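J.: Residue numbers (the working numbering), protein chains in the order written: chain A, 1 to 356; chain B, 1 to 356.
If you are wondering where the hints come from, they were derived from the structure by calculation, not from laboratory data. Computed from a prediction, not measured in an experiment: that's the story for all the values here. Mixed in with the good hints there might be a few duds.
Intra- or inter-copy, both count: the list cannot distinguish identical chains.
Claimed, not checked - Keeping only pairs whose Cα atoms sit at most 25 Å apart, straight-line, the calculated DSS-like set for lysine-lysine is:
id, residue 1, residue 2
1, K309, K118
2, K31, K52
3, K186, K28
4, K222, K154
There are 2 protein chains.
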Amino acid sequence: MILAGIEEYLKKIQPLIDREIEKVFPRKITKKWLEYALDKADFAYDEETMTKSAAEPIWELLDRGGKRLRPALAMLACEAVGGKKELALKIAPIVEIIHNGTLIEDDAEDCSETRRGKKCTHLLYGLDVAINDGAAMYFIPLTLLYKNPYKLKKKQISKIYDLYAQEMIRVSMGQAIDIWWHRGNKTEISEEEYLQMCVYKTGVLTRFSAKLGAILGNANEKQEKALGKFGETIGVAFQIQDDVLNLVGEEFQKGKGIGEDIHEGKRTIMVLHALKNSGQADGNRLIEILNSHPTEQAVINEAIGIIKKNGSIEYAKEKAKTLVKNAWKKLSPVLKESNAKKTLKEFADYLIERKI
Amino acid sequence: MILAGIEEYLKKIQPLIDREIEKVFPRKITKKWLEYALDKADFAYDEETMTKSAAEPIWELLDRGGKRLRPALAMLACEAVGGKKELALKIAPIVEIIHNGTLIEDDAEDCSETRRGKKCTHLLYGLDVAINDGAAMYFIPLTLLYKNPYKLKKKQISKIYDLYAQEMIRVSMGQAIDIWWHRGNKTEISEEEYLQMCVYKTGVLTRFSAKLGAILGNANEKQEKALGKFGETIGVAFQIQDDVLNLVGEEFQKGKGIGEDIHEGKRTIMVLHALKNSGQADGNRLIEILNSHPTEQAVINEAIGIIKKNGSIEYAKEKAKTLVKNAWKKLSPVLKESNAKKTLKEFADYLIERKI
């Protein structure tokens, strides 16, 4: 019931968000947009090339869909502190465009093949275009701040810039850790270290979204902090659930092979749990498989078997639930009862219950 | 004389700038720095991995040197409007770290082999680390704004953020155009379009630097604008000179092969001029060579021969001089006479006269 309700909600706001994204970054780069965002040309703009080299690849990814979870979270957070969700809707492209930028960059870095059932951007448009466009997406939505078309208060803009700056460093550090661990460079990773990496890699943009909504809704300090923490936690829980689904979910039907994380050698919370709780033989074998970056389904299944045998999938699911429960306990008392608050809770539950 | 004077000046401030960069981003990532820049960990930091995966590759590039032209420009601009160069020195790591980030990204995108006489970052540390660290360098120096250790005024911080946001979009768009053109996707590029691409690709960070200095020196609006334009122009002139040196300079002795731009198929101002002024046979041959991305020195030399025959190298040098001369004409009247003003002029002359 909850799942269906939230999915309905997300479906409803998705086209609204997409319309706002298009206002921020048009599908076709025009002289008008360039003069608005970047001032008049000193010499002459080549808007056709910018359309081909930036707008088309970026929109090709944006048009693949995705749940627009982060804008939805920003809107809910804004409403839950008594702000106007319409304003959050207009500013939320910041988090969604950045999020999609990280997908392009991560895929290029990991030499991934598919994203949302289609070839990754670097395979469609070349690595050079992908790297550049992914990074461009970190900056393009900042027009919402420096052009300030929706008349945000100076204080709000300054808070959003500060938030942006810190979160972007966090994202970079999270990815730096993830890359290094994938390579098998660290033999013992603690669960605490793993969760911190998740905070940075996946928790950052949900934290950013929730805090963005809080700032736009003029939240008090306590609310902003608790919403940030809640956003971060559901991001981490989302990541854990993502990792679970990667091994046992239905995603593979949508174009992503099952066990991709095993192939990439990812040290997920399930891997760490299995290593800690299995016998030495199983543990060594699991590490051996991860470090060999296997492509054979039988070998990948063997790794998944070791993980399952040790109850690590159940453990991960439980962990995600506990994290969200605890964050909610801290957030709930600082928010007045409202529909938005109720939906926020359902939203969190949805992220850890979802099947795809 | 001027060359020697400025080179002396740059050499003197280089170690000072490097010290400031190290304050912003330490060579070894510590818990202390992490808690300062990113707040306390929710779980547990893995500072050793972050050092290996981010600090070491980033410092490996920073330690290769480079002229630190952009911080020098920021300091001169600040002083020229009556500000304190000591403050500009402390904030200038923003432009230098970002500049080095663009080098890592550009090299990864172009599959370049060497940078400052050594293997490119993506070849030393892997593409994943390079892409991620290059982007990280766009954000790391923002700690200078959101932590505000040097007590900048709110108004200054807000102006620097706005400046940053716009310039970073410009850099991305400049690179987007450059990539597309390299591929030979556009048959006719006008000189005006080429110069605009240079404004974005090379002029942006010098513009950023000059404007940063102006903001830190509390420049008036006219000064800030004129300094921005001057910074941009010397960036463009610097790029033209760079392109000239790439074909006829001494750089190859330092590890970069001569005519690398021919190999990359770059449409430089010299190429455009040669295409416009040569007969059809030469023009077609030049395009053929550029589109073939040649590696044979004889073929590269043939292209350089066509360019030389048409006086295109002299033309480019003249163009660079005229651009700088005109920008100086607009800047000079809004600055009081001072040593900094004099050095600023010498600095511009140096950039277009330099031999390496």
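J.: Regarding K309 and K118, is the shortest C-alpha distance of 25 Å or less found within a copy, between copies, in both, or in neither?
T.: neither (33 Å within a copy, 49 Å between copies)
J.: Checking an output row: K31 and K52, CA cutoff 25 Å. Within, between, both or neither?
T.: within (14 Å within a copy, 44 Å between copies)
J.: How do K222 and K154 come out at 25 Å by Cα distance, when the copy is not named: within, between, both, or neither?
T.: The answer is both: 21 Å in one copy and 23 Å across copies each meet 25 Å.
J.: With identical chains, the pair K186 and K28 could be close in the same copy or across copies; at 25 Å between alpha carbons, which is it: within, between, both, or neither?
T.: Close across copies (17 Å), not inside one copy (45 Å); limit 25 Å.
When held up to the earlier numbered hints, the structure conflicts with hint 1 and nothing else.
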